[in-house]
Structures are given as structure tokens and as C-alpha cells.
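Q: Sequence:
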Amino acid sequence: MASLETAASDAPGPASAGWRFKLGIALFAIAFLIWLAIPLAAALGVSASRIAGLTGTIFVANKLMLLAVIAILGKSGFQQLKGMVFGRVAKLAPDAVVGATRYRIGLVMFCLPILTAWLEPYLDTIWPGLRPNLWQAQLLGDFMFVASFFVLGGNFWGKVRALFVRTAVVVDRAGEVG
Numbered sequence: 046m047a048s049l050e051t052a053a054s055d056a057p058g059p060a061s062a063g064w065r066f067k068l069g070i071a072l073f074a075i076a077f078l079i080w081l082a083i084p085l086a087a088a089l090g091v092s093a094s095r096i097a098g099l100t101g102t103i104f105v106a107n108k109l110m111l112l113a114v115i116a117i118l119g120k121s122g123f124q125q126l127k128g129m130v131f132g133r134v135a136k137l138a139p140d141a142v143v144g145a146t147r148y149r150i151g152l153v154m155f156c157l158p159i160l161t162a163w164l165e166p167y168l169d170t171i172w173p174g175l176r177p178n179l180w181q182a183q184l185l186g187d188f189m190f191v192a193s194f195f196v197l198g199g200n201f202w203g204k205v206r207a208l209f210v211r212t213a214v215v216v217d218r219a220g221e222v223g
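For reference, each letter of the sequence shown is one residue, going 46 to 223 in this note's numbering.
Bear in mind the hints are in silico, worked out from the structure with no lab data behind them. Bear in mind the structure is a predicted one, so any value in this text is a computation, not a measurement. A hint or two may mislead.
Computed list of lysine-lysine pairs in DSS-like fashion (alpha-carbon distance at most 27 Å, straight line) [as the list claims (entries may be wrong)]:
hint	residue 1	residue 2
1	K67	K108
2	K120	K108
3	K127	K108
4	K67	K120
What follows is a set of in silico ranges between Cβ atoms, one per label pair, in the way DEER data are often shown [stated by the list, open to error]:
hint	residue 1	residue 2	range
5	V214	I83	42 to 50 Å
6	A74	S121	14 to 22 Å
7	F190	G119	49 to 57 Å
Just so it is clear, CB atoms sit at the ideal spot from N, CA and C, and this is done for glycine as well.
Make the full structure from the sequences, and use the hints.
A: In C-alpha cells form, the structure reads like this:
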């Protein structure tokens, strides 16, 4: 009877309750936090060759630590960690269908950064000094471009992806003429 009690107490419970899961989470966090050593080294004035060596070392250490995380967590723990991480990201997914006004705003947000980046070298050649060379304005354009995918909705990403599929066919259900 004692062996049955021992077996029952050794039965795996929720993956998050054990020390292996906590250690796996800690290693997972450290695997990404060690990348902060590179800008820290640059701020401390470390030479470029040492920063390059540090970057290579961190790259390899990151991959080894992620493999160790998978080994420590096991299949169930890794599935739980993946669910925790990607469960939060899934909530950020854009709506599939959006209204006409939101779609038009999203198209402006999508096209404006592309158009300005395309015209930028020509404007500098034709009229030097016309536009201010501010990195903040360029960063704003990048953020606007990324945000446009969320404003445009999930169906827009399918449309962009279809551009790269040779066999894709347009089916316009909204504009059918009958």
C-alpha cells in the first residue's frame, strides 16, 4: 500500500507548480535579457572588437539556453510556456473585417510612409535642405507603417500575402455586378 501512496504523490501535477517550470521560466527570461549586455558594453566604452565578440558569444549562449529551457521544461511545460507567451500575443491580432472609414485611414497609414521613403532621395537631390533630416520623423513613419496592419485588419494581411502567391485569384464578393 505504501508504494501506491508514493506513486500518487509523485504523479505530475500542473507544470507550473514544479521547480523545473520555474527554472525554465527563469532561463527563458535570462536568454533574452542577456542581449542587454551589448548596449551596456557600448555605453561603457568597450572596444568594437570586444562588442563583436560579446555579440557572437551571446548569440550562441542564447540558442543553448533556449535548448536548455526546452529540456528542463519538458513537453508539457514547454506547451504551457508557449500558451502563456502566444496567448497574450493572440489578443493583439487585428480584427478580420473592418469598416470603410477605418480601412481608408489604414490605407493612408500604410501608403504614406512608403511614399515618403520612396520620394526622399529624389527630394534631397532636387531640393537639398527641403525636408528636415530627423530620425524621430523616420521612426514615426516606421511606427505608422506597422500600426497600419492593425488598423487595416486581418483580411489586409491576406491580401498582401496573396501578392506573393502565383496562383492567387481575386474574388470580389462586395463589388459583384449582377
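Q: Evaluate each hint against the coordinates.
A: For each hint, the structure was consulted:
1. K67 - K108: holds, 19 Å
2. K120 - K108: Cα-Cα ~18 Å, so holds.
3. K127 - K108: With a Cα-Cα distance of about 17 Å, the restraint between K127 and K108 holds, given a limit of 27 Å.
4. K67 - K120: Answer holds: K67 to K120 is near 15 Å, not above 27 Å.
5. V214 - I83: 42 to 50 Å: Distance hint for V214, I83 holds at roughly 47 Å.
6. A74 - S121: 14 to 22 Å: holds, 20 Å
7. F190 - G119: 49 to 57 Å: Violated, at about 40 Å.
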